[in-house]
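Assemble the whole structure, with the sequences as input and the hints as a guide.
Sequences listed follow chains A and X, in order.
Be aware that the first sequence starts at 164, since it is given in our numbering, and climbs by one per residue.
Be aware that the second sequence starts at 4, since it is given in our numbering, and climbs by one per residue.
Hints may be right or wrong, so weigh each one.
[What the hints assert, rightly or not] Keeping only pairs whose Cα atoms sit at most 30 Å apart, straight-line, the calculated DSS-like set for lysine-lysine is:
1) K293(A) to K363(A)
2) K365(A) to K404(A)
3) K120(X) to K354(X)
4) K211(X) to K176(A)
5) K104(X) to K404(A)
6) K120(X) to K201(X)
7) K391(X) to K648(A)
8) K403(A) to K104(X)
9) K485(A) to K104(X)
10) K201(X) to K24(X)
11) K169(A) to K365(A)
12) K403(A) to K116(X)
13) K612(A) to K293(A)
14) K104(X) to K408(A)
15) K201(X) to K377(A)
[Said to hold, decoys possible] Partial list, derived from the structure: chain A residues whose beta carbon lies under 10 Å from chain X:
16) A244
17) V300
18) E308
19) D416
20) M423
21) L571
22) D575
23) D577
24) A578
25) S602
26) E645
27) F646
28) K648
29) G649
[Said to hold, decoys possible] From the derived model, a few chain A residues whose C-beta atoms are all more than 10 Å from chain X:
30) L207
31) T511
32) Y650
33) E749
Rather than coming from a laboratory, the hints here were simulated on the basis of the structure.
Beta carbons: idealized from backbone N, C-alpha and C, even for Gly.
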Amino acid sequence: MTGKGKLLWQITKGQRLRYLSAIAALIAASCFLYLVPLIPTAVLNGVLADADEQVSPFMAWIVDVMGGRAFVISHLWVPAAVIAALAVTAGGFTYLRGRWSAIASESIIRRLRNRLYDHLQHLPCSYHDKAETGDHVQRCTSDVETVRLFLSMQIVEIGRALVMLIVPIPLMYMLDARMTIVSLVVIPPIVAFALIFFTKVKSAFKDADEAEGKMTSTLQENLTGIRVVRAFARQDFETKKFQEKNATHRGLDYRLYYLMAWYWATSDFLCFTQKALVVCAGAYWLWQGELAVGTFYFFLSAVSMFIWPVRMMGRILTDLGKALVALGRIEEILTSQTEAQIDAQQVTEPALLPEPRRGEITFDHVRFAHGTSEDVLCDVSFRVEPGQTLALLGPSGAGKSTIIHLLLRFYDADAGTIRLDGADITQLDRMTVRRQIASVLQEPFLYSKTIGENIKIGRTTANEDETTEAAVTACLHESIEEFDKGYDTLVGERGVTLSGGQRQRVALARAILQKPAVLILDDALSAVDTETETLIIDALRKRRGRHTTIVIAHRLSTLRHADHVIVLDQGRIVQTGTHEKLVAEEGRYRRLWSIQTSLQEDFGKQLTSAAHPRTQ
Amino acid sequence: MTDDAIHEEEYKSRLDLRLWKRVIQHARPYAWHLVGLGLSGLALALIEALLPLITAWIIDAATDGTVEVGESNLMLYAGIYAVLVVSICIIIWAFIIMAGKVATGLAFDIRRKSFIKLQQLPFSYYDHRAVGWLMSRLTSDCTRLSSLFPWLTLDLVWGTFTLGSVTAVMFVLNWQLALAVLTIVPPLTVISVYFQHKLLHSSRAVRKANSQLTASFNECIMGARTTKTLVRETENLREFDETSGGMYRHSVRNALQSAVYLPIVISLGSIGAGLALWRGGVSLGESITLGTLIAFMQYAAMFYIPIQELARRFTDVQMAQAAAERIQGLLDTEPDIRDSDEVLARIEEQKQHDPRPGIAIDGHAARIERIEFEHVAFAYKDGEAVLKDFDLTVRAGETIALVGATGGGKSTIVSLVCRFYEPTEGRILINGVDYRERSLHWLQSNLGMVLQSPHLFSGTIRDNIRYGRLDASDEAVMEAARLVNAHDFITASENGYDTQVGEGGGRLSTGQKQLVSLARAVLADPQIFVMDEATSSVDTETEQLIQTGIERMLEGRISFVIAHRLSTIRGADRILVIDAGRIIEAGTHGELIERRGRYFDLYTSQFAKEREEFVLQT
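In structure tokens:
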């Protein structure tokens with residue numbers, strides 16, 4: 164609660180004065196708004212009524228201000244003009260209130276959005292591993308929207324209801340104390356009813372929301388898996404599944420209408436009862452001669468003016484709970500430590516990377532585990548000289564990708580040190596480390612920009628020739644040229660859908676263009692066909708020496724040209740050496756090699772037997 | 004039709020009556036509810052117009068000098084007032100209930116119809132539309148359209164009759180005063196229509212900006228790692244700030260418009276009350292009573308509400324028109340791949356008989372002996388021809404491997420076999436019968452398919468394998484998993500077969516997903532088996548282990564295999580080298596090697612060098 168309060172206080176910084184002004188305008192507007200019915204009251208009581216009737220001094224004063232009884236009775240347009248002037252003034256203040264509160268709340272929300280966005284991209288990978296995308300997007304959109312409504316509408320509405328209720332009380336009291344009590348007697352039940360009602364039915368709203376969520380995700384799964392549905396002819400099964408969710412949603416949604424029917428009917432009944440009380444009590448006293456007609460009119464108008472905002476207040480007060488929950492969920496994100504915050508606790512002054520950048524990598528007895536689970540990497544040591552190529556090989560789950568992730572400082576090693584150009588990377592700024600490394604990850608992510616922008620994203624200063632050159636190296640240039648808009652083709656939902664192989668090649672071109680000291684290819688060509696892959700590998704081999712390269716792949720053909728091969732199994736290095744050395748020695752590498760080459764050996768036999776007849 | 008994907012929120016200012024005539028058909032089952040809503044609106048309007056009148060009578064009765072008359076009248080009027088208030092509350096209760104019935108029922112119906120339609124539409128429909136776009140047809144569009152009908156009916160009747168009856172009552176009371184008060188109506192109407200129009204535009208801009216924001220956040224989270232590797236945080240934030248700035252501007256504009264609009268109409272109401280006081284006060288006592296004067300002032304103050312509501316509903320209709328167009332567009336799309344009437348008739352006829360062994364639901368033989376491509380040509384919509392004059396005959400028990408560069412047409416051939424698309428020219432025959440004369444459902448329930456990026460449904464691993472055959476026993480599920488060597492990794496997982504795979508199978512690796520989807524296809528026991536790069540992400544050792552299982556499994560079936568790995572292709576009965584939509588070579592592995600053509604090149608380029616070196620080393 165205190166955390167949420169603090170967050171709320173923090174984000175309103177710079178806008179508090181504007182908010183205060185909005186409140187002032189709100190009070191001013193309400194005062195003027197109540198003055199409007201006061202004029203007819205004064206006219207009815209002090210001008211149009213019989214001259215001998217008792218007129219309250221306040222009313223008499225209002226009449227005097229307008230020029231006195233005799234003047235007003237012959238110039239009735241004067242009170243009409245005063246009413247218009249008051250109404251317009253009230254309108255002016257209402258506008259100012261709306262303007263200031265809108266600008267204040269929208270500015271606050273804009274800053275909150277920016278802060279969330281920036282915070283999210285600086286959170287460590289360990290956080291993103293656990294985070295569910297949908298849930299987080301929801302926090303950043305609908306939860307923020309809930310807070311926005313709270314700031315721009317709910318606070319204002321509650322304030323308005325309170326001001327509207329409080330401002331006329333002295334006026335009413337001045338006019339008639341008994342009527343004042345009658346006018347307010349049903350107000351507490353109205354607010355209480357709304358509060359109790361919405362607290363009780365909260366779960367019904369949640370149920371309906373959840374049912375809608377389930378229906379939507381069933382729909383989404385069906386649409387994304389439409390090929391599977393068709394391939395197994397499961398249309399009926401899917402329709403039944405969707406219909407169940409659809410029906411549940413309809414039922415729960417209808418329940419909301421049912422509940423709201425009771426709510427509105429009851430609360431309207433209470434509101435009308437309040438009005439009826441004023442009318443009946445007023446009429447009775449009027450008839451008894453204890454109440455002036457004008458006063459009666461004022462009470463009637465005042466009740467009509469404050470009863471509806473008050474009725475809304477009960478509803479809004481229960482919504483405040485929602486805003487608090489949303490604020491809590493947002494706070495959870497914002498209080499999670501960013502990479503920089505984590506580093507600041509360990510390293511006060513980040514070390515500098517020696518110039519020139521060479522791309523030398525050393526792993527020294529590195530151990531790593533995710534949380535408290537088993538070791539993913541255990542006592543891993545190796546060294547890659549600048550410009551050399553290291554290949555990592557092993558079954559899935561052996562720890563190949565983890566080595567990459569540690570080097571990129573997605574995670575930090577639990578023991579041992581990793582050095583880049585001789586500097587312990589935990590002593591460096593994470594950004595500095597990452598700037599040296601260009602990587603193509605297993606499932607490459609492209610931004611929803613054009614293909615050209617995606618390639619240039621790592622080095623926006625690159626010129627067209629360099630971009631094209633990178634695309635050529637990645638065997639991508641021709642595919643791009645085939646698109647209508649070439650490099651200006653949009654990627655993603657609104658543009659073209661690239662195949663897995665094309666995405667990988669875009670990511671590769673992007674990495675090449677970065678001109679990094681270290682290039683990492685994490686199973687980067689798995690979706691590219693063999694012929695193209697061969698071309699790419701040849702092109703990459705020509706670039707040898709420009710940067711240190713780390714390659715992970717399943718196909719030995721991709722790994723063969725490495726200067727150095729490391730075979731991993733269950734987080735440990737089981738074999739290491741050049742391709743030639745590993746093929747020669749007994750072990751996993753040779754076993755893998757023979758699986759792949761036995762096929763080729765057969766192939767070779769057929770090749771020679773097929774070749775012979777022709778040469779003879 | 005493709006344009007609507009881009010102009011999502013296009014504004015339609017003119018009412019398309021033909022469209023609405025069609026859309027209104029969906030509301031047919033709720034006609035009585037809508038009539039009820041109209042009546043509620045009518046009753047409400049009349050009562051609300053009466054209430055100030057009652058107040059006026061009460062005041063007149065109370066200020067009347069004659070005491071006896073006053074007292075009894077007072078009680079009478081109070082009684083009438085109470086009855087009216089209770090009726091209002093009952094009407095309110097009833098119309099919310101009716102609106103709920105219509106809104107939720109209509110949404111349910113439209114969703115059901117759209118979903119069924121989506122299950123029938125061919126892939127060519129999906130090719131141009133993003134999943135998110137299709138989803139919003141069944142979510143936001145559907146909600147907007149279905150809640151429009153009840154509230155529009157209610158407010159249209161209520162608003163019109165409130166205006167009408169208040170005007171009538173005022174004229175009956177005092178026509179001069181009525182005219183004076185009514186002078187505020189023209190400016191009220193003009194201002195309301197103008198501002199509602201403005202608000203419609205600005206709120207649309209807000210929604211657009213909001214979906215951009217959502218997309219940005221999505222990208223921020225999905226691409227978190229990539230952003231880190233590219234050290235792009237600052238640049239990203241700068242771009243996001245532009246997006247959130249757009250949202251800020253649109254939201255403030257929208258709020259300011261409301262901030263101007265509401266005070267203006269409320270002020271106009273007060274001015275109306277002032278006019279009543281002025282004109283009424285002058286003739287007070289002569290042609291007008293105190294009560295009447297007060298009633299007039301109350302009427303003047305409430306005039307803006309129905310006008311405002313009517314203007315708002317009118318913009319609602321404009322807003323919903325785009326939604327209605329998109330939904331109706333979806334429902335009106337006729338699937339171009341479906342059973343012909345003749346086939347449907349035969350299926351009906353078959354249903355009369357007891358199921359005969361060996362006969363499919365469409366009356367033809369159930370066993371697939373032969374699939375033939377006869378001069379088949381195919382082009383995707385407005386695209387170049389992918390296949391040209393393609394001939395191929397496949398017999399039961401044959402495994403056909405398709406090789407060649409990406410984009411050559413391999414996947415198209417498979418999609419045509421599965422009848423996901425139909426040939427644009429030529430025919431595909433099953434047992435000598437054009438497959439357009441066979442049941443689509445029958446053909447597709449005989450398919451087993453494993454794709455490179457396999458899709459799993461959220462649920463357990465067991466559920467996902469069982470998707471292949473819904474009535475399969477747990478043993479059968481396990482057996483299928485064993486056959487493809489998935490059993491080991493499954494039992495090694497914490498909850499075994501009951502492990503949740505997560506949304507889209509996200510908690511499994513790509514290789515694991517491929518194994519599960521392979522098991523799923525195996526369990527389906529299909530006559531036609533399709534593997535499109537089905538094991539590309541499975542490691543070499545596991546792949547080797549699955550191979551024998553798969554070979555056993557392919558026996559007696561017609562299978563199509565697309566793969567880059569030699570191991571998967573070598574055993575095929577026939578290998579087709581596809582390039583630019585044509586078969587340029589066909590034969591067994593041995594034959595093709597002998598031919599020294601394209602296939603030979605393909606594989607020598609990759610393996611010859613490796614072999615050379617290997618031989619040198621050993």
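Practice prompt. Compare the structure with the hints numbered earlier in the document and write down the numbers of the violated ones, lowest to highest.
Written response: When the structure is compared with the hints, numbers 1, 6, 15, 22, 23, 24, 27, 28, 29 and 30 turn out to be violated.
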